[in-house]
Amino acid sequence: MKKFFASFPGIIAAGGIIGAVASYLVYMGNPLNMGICVACFTRDTAGALGLHRAAVVQYIRPELIGFVFGSLVSALAFGEFRPRGGSAPVLRFVLGFFAMVGALVFLGCPWRALGRLAGGDLNGATAIAGLAAGIAVGVWFLKNGYNLGRSTTSRPAAGWVMPIFMLLLLILLALEVKFTPDGPIFFSTTGPGSMHAPLLISLGAGLLVGVLAQRTRFCTMGALRDLILLRDIHLLSGVIAFLVTAFAVNLIIGKFNLGFAPQPVSHSNHLWNFLGMALSGLCFALAGGCPGRQFFLSGEGDGDASVFIFGMFMGAAFAHNLNLAGVPDKFDKASQVLTVGGPSIWGQAAVLIGFAIVLAIGFSMRERS
Amino acid sequence: MSAETIDARGLSCPQPVLLAKKAIDRGNFPILVTVDSETSRENVTRLATHAGLSVDVEKQGELFLLRIEKK
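As given, the protein sequences belong to chains A and B, one line each in that order.
Sequential numbering of the first sequence, starting at 1, is according to the working numbering.
Sequential numbering of the second sequence, starting at 1, is according to the working numbering.
Okay, chain B solo, but in the shape it has when bound (with noise of 0.2 Å):
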């Protein structure tokens, strides 16, 4: 199994949660997703701890990576 990289950049919600579900029914974890706002982070991290999965953000300038992985 190999990461899964999505690029959320610039989409707005629920775009983001969307591909980051999908990503997470897929299952191939760690899921590395990129977003360009507050709100698509906060969102997209709802989801995953909704689903039981533990998110590391890591702010990169304007960008935020998230980090999805497997409790």
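Chain A extracted, bound-state conformation (with noise of 0.2 Å):
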């Protein structure tokens, strides 16, 4: 068993059905073509608990509890439970922070630019080239010899953060608490934030990706990074699995729709959905993985991981309070008239500025030998 999660088969197995979870996530409520976005999930998450006052974006996510207490389990179970950190803890915030502000200028993270795309929104497409690209320039980084330093093995309690953490949000969330009369917990009316799948389900659905995704080292970012530094497909395929079956539900549960706009909670802006995500794909490959495998390293004990996702509340935080998250298009039926979204100029500008600083944090940790 051991030795199928680590083969070919399994990697294309897991991605297989993490693929078609997604997209059945969105026949049972989530929103389209939200099956699963780590990056979306964080920021209805950080909104729910009043980070940020986004209305239409503020629920915890059932999924993100999933994918930890997945990880946390299997990794037990399978005596890879390993409380660590100490790897360069505050870059990996940065990290973090810029990875979501870039991925909520795009509206979406790798995860949910393959649900895009598997459900016909061809920004998906343009958002995948533009995560490619900023992984190329992580991977120019990883061959001139950067790196973030060793992680040390440390005591339990570093590891079961984001676990315990998790725990919390379960409470907050099944018990519906009120801080105050009119929250936070928030949970939104309208909007994504209000489209989800119920409880149990998602949160079952979020324990199977947790558990396989831990087993396999599925990773969206890992796949094109191996891809392109070591022509390794390996985890690529794992990825290709995914894009199928996702596809294949959405078909049979009738959510493809073809084309660039209007797509559901997406801007067709080109030019910020390619930049966002590379922005995005850059960050993910100096922190040595995608959002959801950032999640399944927490689940593991990795503190390090735990860091980096911290680092995306506070991004979606101040992605929403800052007004640099990206608007949707707005398609008006009657006229016909397609307003095209995208970020604002402080988004723009929050997208420019984080890649100052990140490829300032990629010179800065090279390595000389």
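Source of the hints: derived by calculation from the structure; they are not laboratory data.
Fair warning: there could be bad hints in the mix.
Claimed, not checked - Some but not every residue of chain B turned toward chain A, in silico, with C-beta under 7 Å:
no.: 1; residue: D7
no.: 2; residue: G10
no.: 3; residue: L11
no.: 4; residue: S12
no.: 5; residue: T34
no.: 6; residue: E38
From the three backbone atoms N, C-alpha and C, an ideal C-beta is built for every residue, glycine too.
Two chains, two frames, some hints: make the complex.
Right, dumping it as structure tokens:
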């Protein structure tokens, strides 16, 4: 069993199941082309806690809780739970922050870029091109001696931070706690945040994905990184399987609609879709994992991945509080007029500043051999 | 030719793989790689196997000692 997951058929099976689960979650109520979006779900969860007040994107997403619990259970069962940390945590926080800013300019992470493509939203392809470009820059740094340094084995407390944080989120969600009569905890009543599969289905799906991804090391960034860096298609084959099954299930449930616009929770501002995801891709490459992988690692006891995730929460809060996130396209059916969305001038500036900061991290963390 | 030793403890992927790849390119076999995670063990093993090399893995406590040799 252990060998199967590390094998070629293993990663394809896992990727295929995860892709099907993503589209199934849309069928069960998640927003269109957002069956699984790690960045969006982190943003929604940040909103539910009141870290930002964008009323349409506030919900504690049980999938994320499932990711961490699934990974934790799997890591414990297979003797891979290893509390560790100390590899440039503050830089990982910054990388998580700007990964999120870039993702929210595009309106999705690599997982959603795949999900959008599988639903016919061609902006997903633009984003994947941007992602690949960002990862290619990251690979250049890796080839030139970039690394964030060694982590060290730690005491158990470091490994349990994210599982316990997730447990607290689950309690807040299940009890629908209200800290003041008007919230938080906030639950969107309109918009993407109001659309979600039933709690237990989302949680169960998250658990399944968490287990599979922990076993197989499924990573949307690693797929492209390994292809560019090592000409290795192991992880990529899982990502392609994800795309194929997500597409197939979308066809079955009638959620496939080909085109650039209008598409659900999406804008067709191509330049900023490309640049937003390029920034994210670079951040993920420099931090060693896509946002999903960071959640799975945090469940295995990786304190550095947990710091990255907290950076993502902070990035989500800033992105919405400071109006950095992309605005979806608007299509007026009566007049047939399409208003193309995209990031505000602040969002555009944030992406450029993000590039400057993240490139500085890349250059300064090179080890001369 | 003498053996080459790589200490990849605490490094997350792809660092251990990159270090192993550079050593394989230098060709000083056997190459001894120490890693401390199952993921690194799998990745370095996959790299060496794809390069047509043999890999012996020995578990020592929390560590994995990989010995990469020509077949």
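Results of checking the hints against the structure:
Of the supplied interface hints, the one on B:D7 is violated, with its beta-carbon coming no nearer than about 9 Å to a beta-carbon of chain A, more than 7 Å. For the restraint placing B:G10 at the interface with chain A, the shortest Cβ-Cβ distance is roughly 3 Å, inside the 7 Å limit, so the hint holds. The closest approach between the C-beta of B:L11 and any C-beta of chain A is roughly 6 Å, which is under the 7 Å cut-off, so the hint is satisfied. The interface hint given for B:S12 is met, as the beta carbon of that residue sits about 5 Å from the closest beta carbon of chain A, less than 7 Å.
The restraint placing B:T34 at the interface with chain A is violated, with a minimum CB-CB distance near 12 Å, outside the 7 Å limit. For B:E38, the shortest C-beta to C-beta distance to chain A is roughly 5 Å, which falls under 7 Å, so the interface hint holds.
The structure shown violates the earlier hints numbered 1 and 5.
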